[in-house]
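Residue numbers (the numbering used here), protein chains in the order written: chain A, 1 to 375; chain B, 1001 to 1267; chain C, 2001 to 2325.
To be clear, the hints were calculated from the coordinates, so they are not data collected in a lab. Backbone N, C-alpha and C fix where the C-beta goes; we use that ideal spot for every residue, glycine too. Watch out, some of these pointers could steer you wrong.
What the hints assert, rightly or not - Below, a sample of chain B positions facing chain C; criterion: calculated Cβ distance under 10 Å:
no., residue
1, Y1016
2, A1124
3, S1133
4, V1157
5, A1207
6, A1208
7, P1224
8, S1225
9, Q1238
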Amino acid sequence: MWYLNEERRLLQKTFRSYAQKRVRPLALEMEDNDASSREALLEMGKLGMFTMPVAESCGGTGPDYISWGLLLEELGKESATFGFLALLRQVFNGPMSAACSEEQIRKYVIPAVNGEILMGLAGNEPAGGNDLMEYQTKAVRDGDDWIINGGKVLVTQADEVDVFMVIALTRDQIDFTTMQGLDIFFVPTSDPGFSVGHIEHKVGLNGSRTGSVYFDNCRVSESDRIPNPWGILMGFGPELSGYAALALGGAESMIAKTADYLKNRIQMGRSLWDTHQAARHDLAKLQMEVYNFRNALYGHLANRNCGIHDSLEAGALKAATGPLMEKVASECMLLMGGTGVIHETGIERYYRDAKALQIACFSDKTFVDTVAGSL
Amino acid sequence: MNIAVCIKSVPDPEFYDKITLDPQTKRLVRDGIPAVIGEADTHALEAALRLKEELGGEITVVSMGPPAARDQLMEALAMGADRAFLISDRKVGGADSLATSYTLSMLLKKTGTYDVILAGNESADGSTAHVPSQLGVWMGASHAANAVDVSWDQGIVVTRKFESGLGRYRLKTPCVIGVTGAANEVRFANVRTILAAKNKPLVIYSAADLEDLDENYLGLKGSPSQNGEVETMESSKQCVMITGTESEIAQKLADILRQSAVRKEEA
Amino acid sequence: MAKEIWVFAERNGNEPAGVVYELLSKSRALAKEMGGYKVAAVVLGEGNGPVFDKLTEAGAEIIYSADHPALRDYRCDIYGLTLEKLVRDYAPEYLFIGATGIGSELAPTTAGLLKTGLAAHCIDLRWNGERLGCMVPAFGGKVVSEIYIPYARPVMASVRPGILNAEAPGAVDAQILSAETAFLDTAESGEEFLGFESAGKQENDITEAQVVVAAGRGAASDAAWKGVTDLAERLGAAIAWSRALIDTGRVSDESAMIGTSGKSVKPGVLINVGVSGAAQYICGIGKSKTIISINKDKSAKIFEHSDYGVVGDAAKILPALIEKL
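Extracted from the complex, chain A is given alone in its bound form (with noise of 0.2 Å):
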């Protein structure tokens, strides 16, 4: 592969080790009973596995995005569930990086690099949209500390992680020439007004625990406050290619799985595989989808390591993510029969997953009339 290095070919030997030993029996475990990854997460962090792509003064080793992929791919071999949420964290620790204090920095970010802590973001709220200017969670300054009222509704990991940041209204109005009047605060779960509700049932990415989430007279420090949280909000994009890097390493593992499962399966002396040309070639036309996926994905990342970060492609490789391990998988299911659609083969999930990925971060629908705007 182009884009691998003795160097990188290290890393993706321990990704891939850390995947098959730690989050395959946990893949399982997380679709059938939301068992919580939150152990995993924090030994991925003490291993320096979030260190990437993040800047040296936050804690990591610098912004190689190819490495960064190779991590989720591997992950994504195992379980989407588990790569979502790890790539959740550089989701955070990338905007987080530009946009807090040095102290915010020392206190948050760098434990969050470091698996010390696990940080979460509480930003969707039931009533309106996407329009921040209807969100009913506010903070209200009471000397140096400010007081949140408010709830979260679909937030990741709702019960898992350590601190939040809560998207917050402080006045009114937002006043979008000075761009004041909301806010970002990082509120410690462990505040007595902090509270979790249901942890809702999904049709995929089970295990992410995503819940609703309530904060009830919540005090917070002004140091707690981002002072930059346009920088967080706007910073929500960058990392969008990793979604196709777990789509990567999904494709390719059904891929794998199915060939294995064909050339095995012994009819009448001989395997499937070699009695149906069809069934070979439908599975080779997936594979060459899977290199082109392959490349786009890291020629984009490749494209970040020199600098050039293109926001509209990198949503267009996660709109693309969720098309593409649907695809893979209803094909592989039925490529493998009765096996395939087997809960326990591994397939299915992700047949369900690309459905919930394809509305995570961001709805893939509300997405295209983004690009329609760049024409």
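Following the hints, complete the assembly by docking chains B and C onto the known chain A.
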């Protein structure tokens, strides 16, 4: 504490079912099978990392093998070893365990003085489990194989595994220990350590670089044991499939067991 | 060079270890084929006397006994020195050692001291009229290589326990030679023996059992596992397993694991339940007489190595079988 770890680059055991025997040359065909650090060697390295964490010091990794074995040394550096040496030379190739351990002992002598030398108890491919003991003999050091535990308690303490139980021994240093997979759980390499690996010293020596080498003990020539014929393990069994309802199958199996005269009351 | 085949007679208390019988039996057969060789047993320890009768019954024509307090507790360097000295004093042509915990390190140590060749963990020793071929598994049992030692003497081989047959021998008149051990009075050891922790009574000895029920990954479910344990109890069989079953977490003890990294079994009947038949596993079952395998997957490799095969669910077949017994 100065620690050395001996590792071997071996074909990945995951792919051993892909190894075939060339009927003409009688040589094993292992094309396309990736190389890895031997499984037991990774446990030796882990034991070394733990000793270093407890007692401080430096970890040197040594290996003998083809130039490509450098990749496995790099991997050991990525896991946390501090420096690495490879002896790669046609003169040392084709060695049995006696010649291998001689060469390794000379490489160790060339590269430093060590308090503890750890090695995988056996390699994944040859699996003789000779090298730790014979390295100890060549170096005139105390040695223990089959170690299921290595720790420090007023000296190096190893636990040897026997059929009837576990024996604990304190070894005089310098000592050589063959570490088994039961000794520890191998860590995942840390990303920061992996990224630091390329800046650590990795030296490849040829036989000419080692002083006082006695060629009589080197390579194929220095190997008292030789390889003869190679057979692949193929089964000649003809399997009779038993079919029918569960009850019929059970009856047939019971009959077979009876014919084999193995029911408890008859035994 | 003495025309003698030596067997290291590892002591297990006042009994020779099981592999010693196997080695003596094999050595007698080889001595006959090779012509003019005597079979000797070498005992190291303190108070060796009680073992002698057992060794002569097993076919040792000569017994070399090194009897000294320094040999009471096993220490590799002291044992190695003693064996080296014996070999140098009496110059046997062949020296076989069981690849036990002790033997698997005493053998390379002694070979290293003598600078002779050693074939490791052999599964067979064959005389082809000119040379002794030591059959050694490699690559996890995928292949078996012949190792031979053309010039160096003695020819040394360590042999896996439980593989060779121990034929009932006739009693022989044995010559007992006490080895010179005075040098041990002052011998210094680099090993301080701290203590021994017994593994306890091994009731589930899979290498000696006449019937073995072996469970693989396909026997990990509660129902299938119950079938395995019930059948083993009914048959008085030992229960063994594959690496794959350990991986499921159903069991953790590696002492009952079959395979190249585990043990070899040689029962009259081996019943594989949910074992797929990885090459590593197959290597450990080759000496079994009758092999019956039950597996859900009709393409399972295990069937290629079985006498009888059943494609089906062990959780259902085993209870039905127990009923018929």
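List of violated hint numbers, smallest to largest: 5, 6
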